[in-house]
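*Asks:* Between the sequences and the hints, there should be enough to build the whole structure, so can you do that?
Protein chains in written order, with our numbering: chain L, 51 to 582; chain A, 1126 to 1338; chain F, -1 to 319.
Don't read these hints as lab results, they were simulated from the structure.
Worth double-checking, as some hints may not be accurate.
[Said to hold, decoys possible] With a Cα cut of at most 20 Å, we get these calculated EDC-like pairs of lysine to aspartate or glutamate:
{"no.": "1", "chain 1": "F", "residue 1": "Lys197", "chain 2": "L", "residue 2": "Glu506"}
{"no.": "2", "chain 1": "F", "residue 1": "Lys59", "chain 2": "L", "residue 2": "Asp117"}
{"no.": "3", "chain 1": "F", "residue 1": "Lys314", "chain 2": "F", "residue 2": "Asp207"}
{"no.": "4", "chain 1": "A", "residue 1": "Lys1216", "chain 2": "A", "residue 2": "Glu1309"}
{"no.": "5", "chain 1": "A", "residue 1": "Lys1312", "chain 2": "A", "residue 2": "Glu1159"}
{"no.": "6", "chain 1": "F", "residue 1": "Lys314", "chain 2": "F", "residue 2": "Asp121"}
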Amino acid sequence: MIASEQGDGPSYLQESTVRSWLGTLDHKRIGILYLFTITFFFAIGASAAAMMRIQLAYPAAGLVTSDAYNRLFTLHGVIMVWFFLIPSIPAVLGNFVLPLAIGARDVAFPRLNLASWYLFVGGGALALYSILVGGVDTGWTFYTPYSSTYSNGHVMAMAGGIFVAGFGSIATGINFIVTVHKLRAPGLTWFRLPLFVWSIYATSIILVLATPVLAITLTLMALERVAGVGIFDPRIGGDPLLFQHLFWFYSHPAVYIMILPGMGVISELVACFSKKAVFGYHAMAFSILSIAGLGFLVWGHHMFVTSQSVYAGVAFSFLSFLVAVPSAIKVFNWVATMHRGAIEFTTPFLYALGFIALFTIGGLTGIFLATLAVDVHLHDTFFVIAHFHYIMVGGGVMAYMGGIHYWWPKISGRMYPEAWGRVAAVTIFVGFNLTFFPQYILGYLGMPRRYWIYPEQFHTLNLVSSAGALVLAIGYILPLIYLPWSFFKGARAGTNPWGATGLEWLAASPPAEHNFRETPVVTRPAYDYPPL
Amino acid sequence: MSKAGALANAPQFGSQEQRIAANQLGMWTLIATEILFFGGLFLSYVTYRVAYPSAFAVGSRHLDYLCGTINTGVLLTSSLCMALGDLSIRKGRTRALAGWISATAALGAAFVCIKGFEYHEMWRDHLVPGFRFDPSVSPQVELFVCLYFIMTGLHAIHMLVGIGLMAWLLKLNAASRFSERAHEPVKMVGLYWHFVDCVWIFLYPLLYLVPKL
Amino acid sequence: MKEPPIATFAGVSWLTAASEHAKHVDDVILGLVGTSVAVILFLGILTSVILVRYRSGSRAKRPPLSLATWKIETAWTLGTLAIFLYFFWRGAVLYLDAARPPPGAEVIDVTGRQWMWDTRYPDGTREFNALHLRLNTPVRLVLSSEDVIHSFFVPALRLKQDLIPGKLTTMWFDPDRTGTFSLYCAQYCGSAHASMIGKVTVLAPHEFDAWQRSAGARTGALALAPEARGRELFAKFGCARCHGGLNAAGPSLAGLYGTRVRLSDGTFALADDEYLHEAILHGRKVAGFAPVMPTYSGIIRDSDAADICTYIEAMKTAATP
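*Replies:* As structure tokens, then:
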């Protein structure tokens, strides 16, 4: 590879006017714009979660009313799913790293890329408006006929916000697909791509094919609300289950939008800090693609108790077991990658270990839910809440935090304080388990979701969970302090502080406006670490 | 136009060919998105058609069969004009391009007008669900009419966007931006227009021809 | 709302299993927990050993692997798949069993509305947010909703079924343990979702009879049995004019329930609650008859339709009405 050294030109951070940021076409700056916006939304969503956990610390705590609680969990779900998790790794790290990692000067359509961010912000503004004027009480799933007929919340503004932000997601997906297809550096063949690029590519396909179904579903629900009659309306023979089918046709693949990029990040981290190529690279790439593909065929497992045909239930259960196989393989491959490596216990690696542990627990409990008769008992209980938080927070957010720390030297040109990084990583891991593990047991004991008060027998475990949330909150606040500090005061990072492979580590830290002075030429496979 | 000039505002591309290939892939990906967007509606249609076949036949009789058929002809002709426009600019004939694009846009506008007339008829006949609907009509027929309005309405919005794109092409053409070798936007807009046309080719039999099939 | 705990650990009361099905579900859950713990222990220990042994700077030897990667990948793919298929099979068998009510199960109608459970027994007894059951007697619930989606969830039975407006859904169980068990609404249904809870009481036969007498005396004068209500509604809506017997405009309904109906498109449908509900509200095209039945959607409520279904079911053996 041709190494392009420091002195490519002024860093992308050089220009500092507001105008230069809000009108930027640079993929790195757009990534930073997303970083700030989703951190803002994370804070809102997390505050809602904190209030819910305080309310649930006692069987009838009385912090909020039932209507307020219903608005809190809807807010938490909508904000965390659409305005934090879905854009987290793809839009922040994807935007920043993807073009660098394939040796490109930018994404294929920089203007569209900026437009995506504005759509995202516009959608977010609508969602915030709906919260400020009184909130929405339908839950993030917007099930009809509750959402279309019975709810008195500001459903239209919230659904409109998601609709608009959805088009931002679609535009990002189109951009990344074209970028990976057409802008790879010379010699960077498909099977030389880092797994992070594979995962962003697979995620983009899901974004492009699933998001439009959500858009049309929310449109149909909104039209039914406006007209007072619509195609899900049981009074005219409409079927509320059709809404659920359409909704989950998007929302199950959306789970993979949240976790696949995380798997990509973890592959990078494990390889870099074991100084060893990812074990079974081809199996990993194909498992990413097969998860993305099979992910479109399992939506019915959200509907085992809705009276959909029992034979459909059996088929969806079977497919759900199938989609779990590639996920399991990935875990084995990460462990095998560490085997006979030279492991460095840096902060990003601690996050990777945390991810593997939590994702394994989340995945195994997913098997419980794929098992038909067991799901009938556990469906719509706290078990489901615990399961998807292990996947989306234990998996997705841990990977996002790991990725932020890993690429922080590239993003900022500075090193974060390693000791604080480790403290935060361990705190988050402990706090997370304390918060969510008790919820598995609560779910088995029968505590239903979305209850603002609950019978006495569920108290002990809820109290433990609320205490854990406090620890978790501390863990999340720490990086919000030391990362901005290190941006100004941290030690300067060289071009490649981790000794990692990957084209992004050939660019300066922070990179120049168009990344590389000369387009790198690739002659070797990914993760080409020297033999140990 | 020199290579540097063509790519001056697109440093991410190494060559004009790469740029064209990227734009086309982008357009096809957008069309894939659109197919799934309409796909949700087609799925809903199939679900209810299977459940209430007779109500759908009754509902279809409420539609203006003649207008629908004329509109199909109008739209297919507009696609032909679009294709001829693409053909003429490949030979560098910019004036012919202007003519064909104008014809496409005019036919598109005619389609939307006829559609508007049909909506007017539905309003007159008390067949607008939720706003002005004859209560003696059976509920499943109302369901069909809901689907009719949503499917054709969404299609009409796509038509309006398409007509806007035609205006954009005419503006570019007037600014002499197209030539034998540089006519990429014509092809891109053409892809979009043909896609919208294809959607109608499915909508027409599904909505208007139910009792006749 | 305390369930009789069978074990208490650290302030957490464990969950009762009040039917054979619940015990089978617990067996599968136990298998899943065991497998999960084994996997987590195995991976945890393996990873810990690797982390210590191959930490950066350790002197452990790191020769390249001698076994081909594809062999390892294939082995653990097939191994995982085999374990998964086992649990898939266990879960599916139990699920299908839970969907097949035994013949002769007693039918109880349960209607959900914001925010209460409305239970109606065959003898006309009606109660709210409560369900009384006779020990070791299979029952089938016919569930309907009058507004939004609710979900009938009894943890002690390990069963849950959504109530969908515009549809009848069913569930069945055979309680084999006396006691009072919690009933929850598991599908979010609005402001008082968390208060849409009730009690399922399983009584020994003699206790049940006593309860039935007293409860029946309380409400019997006011309410009609679903079957009797169904008969009244059948007359009120003039169903018998077309479904009155031979040479009528519609098929006879006597003995219809549970049989296979030939439809005019050549397919067959099973005349169960869901089919009848659909036929009452929206009409079905039955072979040999003109599709002249008007729609009753919006005219007949779901709970009324449920009663008419019960009446039609009772006509299984009866003569033409």
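*Asks:* Each hint: holds or not?
*Replies:* Checked hints:
1. F:Lys197 / L:Glu506: holds (15 Å)
2. F:Lys59 / L:Asp117: violated (62 Å)
3. F:Lys314 / F:Asp207: Answer violated: lysine 314 of chain F to aspartate 207 of chain F is near 26 Å, above 20 Å.
4. A:Lys1216 / A:Glu1309: Roughly 13 Å separates the two Cα atoms, so the pair holds.
5. A:Lys1312 / A:Glu1159: This hinted pair holds, its Cα atoms lying about 18 Å apart.
6. F:Lys314 / F:Asp121: holds (18 Å)
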